[in-house]
Amino acid sequence: MTDPTNGIPPMEWFNALQKRTDEAIQWLLQNALPDWAAGTWPAGAVVVNGGVVWRAQKETATEPAADAGDWLALFPVANLDKRYLNADKNLSDLTDTAKARKALSLDKVGNWNAVQANGGLHSSGNHHIYIDWGGDSKFHGTVDSTDVGEFFTTQNPPTAAQAGAVPMSGGALNEEASLSVISSVKDGASGQSLYGPLFRSCMKGRGGDGDFKDGGSVAFRIVEVVSNYAFAEILFDGYSSIQSFQFRNDGTIRSPGSVYAGGAYIATDGNIYGSVWGGFLNNWIAGQISAGINNNNSGWVLPNFQLKNTGSPGGGWWKDSATGLIIQAGTVAVPVSGSTGSASFSFPLTFPNGVVSITGNAADQASSAGYVACAAFQNLSTAGAHVLVDTNASRNMDRTQYVRYIAYGV
Numbered sequence: 001m002t003d004p005t006n007g008i009p010p011m012e013w014f015n016a017l018q019k020r021t022d023e024a025i026q027w028l029l030q031n032a033l034p035d036w037a038a039g040t041w042p043a044g045a046v047v048v049n050g051g052v053v054w055r056a057q058k059e060t061a062t063e064p065a066a067d068a069g070d071w072l073a074l075f076p077v078a079n080l081d082k083r084y085l086n087a088d089k090n091l092s093d094l095t096d097t098a099k100a101r102k103a104l105s106l107d108k109v110g111n112w113n114a115v116q117a118n119g120g121l122h123s124s125g126n127h128h129i130y131i132d133w134g135g136d137s138k139f140h141g142t143v144d145s146t147d148v149g150e151f152f153t154t155q156n157p158p159t160a161a162q163a164g165a166v167p168m169s170g171g172a173l174n175e176e177a178s179l180s181v182i183s184s185v186k187d188g189a190s191g192q193s194l195y196g197p198l199f200r201s202c203m204k205g206r207g208g209d210g211d212f213k214d215g216g217s218v219a220f221r222i223v224e225v226v227s228n229y230a231f232a233e234i235l236f237d238g239y240s241s242i243q244s245f246q247f248r249n250d251g252t253i254r255s256p257g258s259v260y261a262g263g264a265y266i267a268t269d270g271n272i273y274g275s276v277w278g279g280f281l282n283n284w285i286a287g288q289i290s291a292g293i294n295n296n297n298s299g300w301v302l303p304n305f306q307l308k309n310t311g312s313p314g315g316g317w318w319k320d321s322a323t324g325l326i327i328q329a330g331t332v333a334v335p336v337s338g339s340t341g342s343a344s345f346s347f348p349l350t351f352p353n354g355v356v357s358i359t360g361n362a363a364d365q366a367s368s369a370g371y372v373a374c375a376a377f378q379n380l381s382t383a384g385a386h387v388l389v390d391t392n393a394s395r396n397m398d399r400t401q402y403v404r405y406i407a408y409g410v
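Under this note's numbering, the residue at position 67 of the sequence shown is numbered 67, and the numbers go up by one with no gaps.
Hints listed in this document are in silico derivations from the structure and should not be mistaken for laboratory results.
Be aware that a few hints might be false.
To be verified - In silico lysine to aspartate or glutamate, EDC-like type, Cα no more than 16 angstroms apart, as pairs: (1) Lys213 <-> Glu224; (2) Lys186 <-> Glu150; (3) Lys204 <-> Asp237; (4) Lys58 <-> Asp70; (5) Lys213 <-> Asp237; (6) Lys204 <-> Asp214.
Claimed, not checked - Have a look at the derived ranges for each label pair, beta carbon to beta carbon: (7) Thr252 <-> Leu179: 54 to 62 angstroms; (8) Leu325 <-> Trp300: 20 to 28 angstroms; (9) Leu179 <-> Thr97: 54 to 62 angstroms; (10) Gly274 <-> Ile406: 54 to 62 angstroms; (11) Arg248 <-> Ser178: 20 to 28 angstroms; (12) Ala286 <-> Met203: 42 to 50 angstroms; (13) Asn174 <-> Ser240: 38 to 46 angstroms; (14) Ala65 <-> Glu23: 53 to 61 angstroms.
Ideal placement from N, C-alpha and C gives every residue a C-beta, glycine not left out.
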């Protein structure tokens, strides 16, 4: 052959070579590994034969087989499906998704089903949710373009106002607010006292005593004495005193001491003190009664009735209440020596103003005794008088002569 191309135009040789190259590249792109074919394979060539991937250990034309030392079996072709991911499966063909997330440092993100922005029980559609660390050193949340505010944490707890609560110190309830504290179920025997929850106001460090050492306090609670009565109690406890003020269910109010209204008060014995009475009421009433009696006496009783006369049996005197006349009577023992005698005596009652008259006679006289006694009075005063006795006897009559008298005065 004298023609190097054997009569074939050189371009056709080039086209044929290019076609085979294109087919080989296309096959490699579609199948990745070539199937073994008869021919010489260079060292390092990788082929597929009998469902196994082989690599040539040296240049060889021998067919790959288990007993052929020119080839090294790498792995079954079937394993290739588990070593590579299919784009159309969107990572769903991963054998161990948890391990894959960890390898990509995605294990800290969490369960995507829990943090997705829609699909929850209260979903309103797709949203963008952001969590920021603000310049105030607090977490803040934003949904789409809406600021939902700061997050409350241990480092950033809510204030009482933010939580709608009453602060531990200071603060006040809102208008029209009410507060109820209900006790546990209580029961007791008749006469036993049951106590409801206690509301206490204490002045710390002031007035505390053995019962409540923190300080003097005032407490409010409900108390029931089983089978008897119940009451709202205001209990003052402190400054060495415990006082209970009771508002009972029968409508009565019980105070352990006097009840004051301005300068007036009700005493524990029931008396009332006030300026309108000029002191205690019992004294005012006594004065009014006395004045009323006097007014009645002077204005109506005395002009229309005779007052009860005064005197007493055996007292020796009598007084007329209307005129003031006093009549007194008595007996005087007069010692007689010879035929005469005298003695001073006092009236049973001293006349307030004076004596009008006095008369008397000798008692126990008897003409058969040989004498006739007579008596005379002198030195009259409001308190008494002096009596003289003469027996008119012709002989000595040493004896005691009794003289009875009656005196008039005012």
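Contradicted hints - numbers only: The structure breaks hints 1, 2, 7, 14; every other hint is satisfied.
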